[in-house]
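Engineer: So the sequence lines, in the order shown, correspond to chains A and B. Oh and the first sequence: position 197 is 197 in our numbering, straight run, nothing missing. Oh and the second sequence: position 433 is 1433 in our numbering, straight run, nothing missing.
Some hints here could point you the wrong way.
Said to hold, decoys possible - Listed next, with one range per pair, are the computed distances between beta-carbon atoms:
| # | chain 1 | residue 1 | chain 2 | residue 2 | range |
| --- | --- | --- | --- | --- | --- |
| 1 | B | D1159 | A | R180 | 34 to 44 angstroms |
| 2 | A | V23 | B | A1393 | 34 to 44 angstroms |
| 3 | B | A1454 | A | G142 | 38 to 48 angstroms |
| 4 | B | K1114 | A | A297 | 14 to 24 angstroms |
| 5 | B | N1235 | A | T179 | 52 to 62 angstroms |
| 6 | B | A1454 | A | H58 | 23 to 33 angstroms |
| 7 | B | T1383 | A | R180 | 50 to 60 angstroms |
| 8 | B | T1170 | A | I28 | 58 to 68 angstroms |
Simulated from the structure, these hints should not be mistaken for laboratory data. Ideal Cβ positions, reconstructed from N, Cα and C, are used throughout, including at glycine.
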Amino acid sequence: MRFLGFLLRRIVGIAAVMIGVSVITFAISHIIPADPVAAALGDHATDAQIAQFRAEYHLDRPLPEQYFIYATGILHGDLGKSIRTRRSVADDLADSFPATLELSFAALLISIVLGVPAGVWSAVSRGRLPDYVVRVLSLAGGSLPVFWLGLIVIGLFYYQLGWFPGGGRLDTFVPPPPTRTGLYVLDSILAGNLEALRSSLVHLVLPAITLGYFSTALVARMTRSSMLDVLGQDYMRTARAKGLREPVIVLRHALRNALIPTITIIGLTFGSLLSGAVLTETIFSWPGLGRYATASAVSLDFPAVLGVTLLAAVVYPVANLVVDVAYYWLDPRIQHG
Amino acid sequence: MTYRRSSILFVIALLVAAACSQPPPSGSSQTPQTTGGAASTLVWYADTSDLISLDPAVAYEFTGVLLTHNAYETLVKFEGADLATIKPALAQSWDIKDSTSQWDITFKLRSGAKFASGNAITADDVVYSFQRVLKLNKSPAFLFTDIAQIKESSIKASDPSTVVISLPKTASPQGFLAVLTFTIGSVVDSKDVKAKETGGDSGSGYLLDHSSGSGAFVIDHWTKNSEVQLKANPNYTGSPKPALGGVLVKHVPESTNQQFALEKGDADIARNLGAQQITALQGKQGVVTTTGNSLQLVYVGMNVTVKPLDNVNVREALRTAIDYDGIVKDLFKGGAKKVQGIVPAGLAGYNESTPFQADVNKAKSLLQQAGQTAITLELLVPTGPAPGGVAWADLAAKLQSDWKNIGVTVNIKQTTQADLLGTYRAQKGQLVMILWGPDFPDPDANVGPFTDYAAKSIAFRNGWDDKTIAAKGRDAALITDAAKRSAAYKEITDYVLHNGPYVVLYQPTEPFGLRSNVKGFVWSPMDWTDFAAISK
């Protein structure tokens, strides 16, 4: 019951955030001195075409009325029509979001699978070589620009060594699996299509490493510092005094307690992975939300930009919610506190 | 616990099995052929983010036009890169009759022509297709309504193989034939499209991502943001017959990726290579580079409502100060051609005269004649690369330094092209650097906008209202005698060269990278290629 109340409060919070975000984004996008009509119709449009276009997108109405029309649409699940693609924004998002979600999951997986052990390793060998290696690599992870890393990774692993493909979600002549979730890896497993599964997996590697490097570094550093905290606690000394073996001490007693702050970081990173995929997606020809957002912003496609912003505004709090729920189960003190 | 562990093991086993099922692809062209066949499929890498629709009545963007051009036939066409001679296509012959009140153009259809569906092509299909363009009234429709000035009632089928189209005397019949070579003149399969109409949409929902034409290829599928696959049309009655089994157009926005994929053999043709990539590809084994002509012009508009740009000598000084040879040779390294008139090379009416080249003394004395010593102006510049592959910003910096030599200070303001167009359209720019491409391959498509203030296009944006030259431009459009028309355009372009508010900087060429086994590729300045002529 307490859990339900907690959940309900968070969901109401998300709704409030969405209203705020929609008002602010709408206002900003309509106040900036740029004309979406010029972007959409180009250099050669006639006055009649421009007038027709303004009417079609309600640009000829006062701003509050435009917002009212927009907000009413959202309540009916209608995010408006994209100026650039001339399709419904909801359809566009449904097309591009799964690609980004899949890439973000893969990047997240990399940051957990590599980041947590690296952090643990670094902590237990504090002041020795492995610690320095991990710390240097995670410092680099925090400072390398994504577009540079992406091009280097492509140049090395695709162009020079030929180990991985250079872009896209599938090999040139592999047709996508039937769409169920839009996540190719999952869809190919569901369809039992090994060829598509292999192809989608190898295509994920380079972009996921590029996108995930920053968060891997973050996770490694966070795990290291909280591990160091925990390893200095009294109960660690007790565990050692009891004669427990070192791996058991580190993995069962220390890591479990050190994971709470790491999970916070992972939750926060996931949100930023989704919205931070812009550069990675462009470099790797990844047909996702980031690239959609860039293309939309460049062509002043307000309905699309608003749609992407709203989606991000949902994803962030939802990721946080998932983290909170994870706490709730992981740390009994929160349940009883 | 046991259950969880075993399910994790199962997933890992599945992933490993999948990863081992094929060696990692170093060249996807070696992977099994599941759609169309890799061997006979041309893989075309391009930035296709402009693709909105594959409906010929709607498409007006580079990618859409390239694809629909290959999926449909038009009544008349230009062949290859030659835009001087109009040739028969679905119409085997045509005749322009000057009746007193209007032009009547009669088209005789080629016998035996068929759609991809197998349906015979009749005059009714042509009437339906052209009326459909007018009904839908999308981006390219102005070519019919404003340029050709036709209405639905102007298009008639006089028998199953004859179409008669009437134009008012104010429209140019030559210009209309040129319009008909464009994708808007595509003939759709009316039986098929009518059957696919929903809610009075004239079938535009269906044609958005399907084809219903008689071109050498049909649209197999369009996966949004990823790829469009064309397949050879087995019922194609035109010529040449396609040598390729299909064409796969992949959306790859990064030009470095395009370069890598071309070198690795994953791409057969790369469309958006910059000067840097072209240089990197020189001498690489298995790859050749080539260029295609374009009809675009890159120019600076000088708003004559802004002082001192109202002074013709100031404008001439700005034109005279620029080092055009440096731009073409050093900056673009062959990605541009020196053109200074308002009609691009390749079109009738092109004026070869290039009188300007970095003459600092002459420019300074022109400024003195105008009574100007120190001028400060703002130059609006788009973001990203200019046609020809050099950044707009670099080109702007070159102009800035050339103008500095004659004492003109220019502040560069960079903004998105959309934003820039908003300012430019509203006549609020001072110096605006931008490109122009003609709407249809006829000199009138440039001379009209560049000279006619009333057309509310380029002349208007620069506040240049010269009624005499505008009238001469309108008259030239209607001349049917080729030699007389050419002489009229010579006079107009010579006048604009020294009196107009334009600094024409260059005409870009389009660089392409090809695998060396790709044969028969010819780029048309109409921004397309005939895939049917290509083999690999």
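Engineer: Determine for every hint whether it applies to the structure shown.
Structural biologist: Structure-based check of all given hints:
1. B:D1159 <-> A:R180: 34 to 44 angstroms: The hint (34 to 44 angstroms, Cβ to Cβ) is violated, given that B:D1159 and A:R180 are roughly 53 angstroms apart.
2. A:V23 <-> B:A1393: 34 to 44 angstroms: Distance hint for A:V23, B:A1393 holds at roughly 36 angstroms.
3. B:A1454 <-> A:G142: 38 to 48 angstroms: Given range 38 to 48 angstroms: violated, Cβ gap about 60 angstroms.
4. B:K1114 <-> A:A297: 14 to 24 angstroms: 45 angstroms, violated
5. B:N1235 <-> A:T179: 52 to 62 angstroms: Once the Cβ atoms are compared, 31 angstroms apart, the range 52 to 62 angstroms for A:T179 and B:N1235 is violated.
6. B:A1454 <-> A:H58: 23 to 33 angstroms: 30 angstroms, holds
7. B:T1383 <-> A:R180: 50 to 60 angstroms: 39 angstroms, violated
8. B:T1170 <-> A:I28: 58 to 68 angstroms: Because 46 angstroms falls outside the window, the suggested range is violated.
In terms of the numbered hints stated before, the structure departs from hints 1, 3, 4, 5, 7, 8, listed from lowest to highest.
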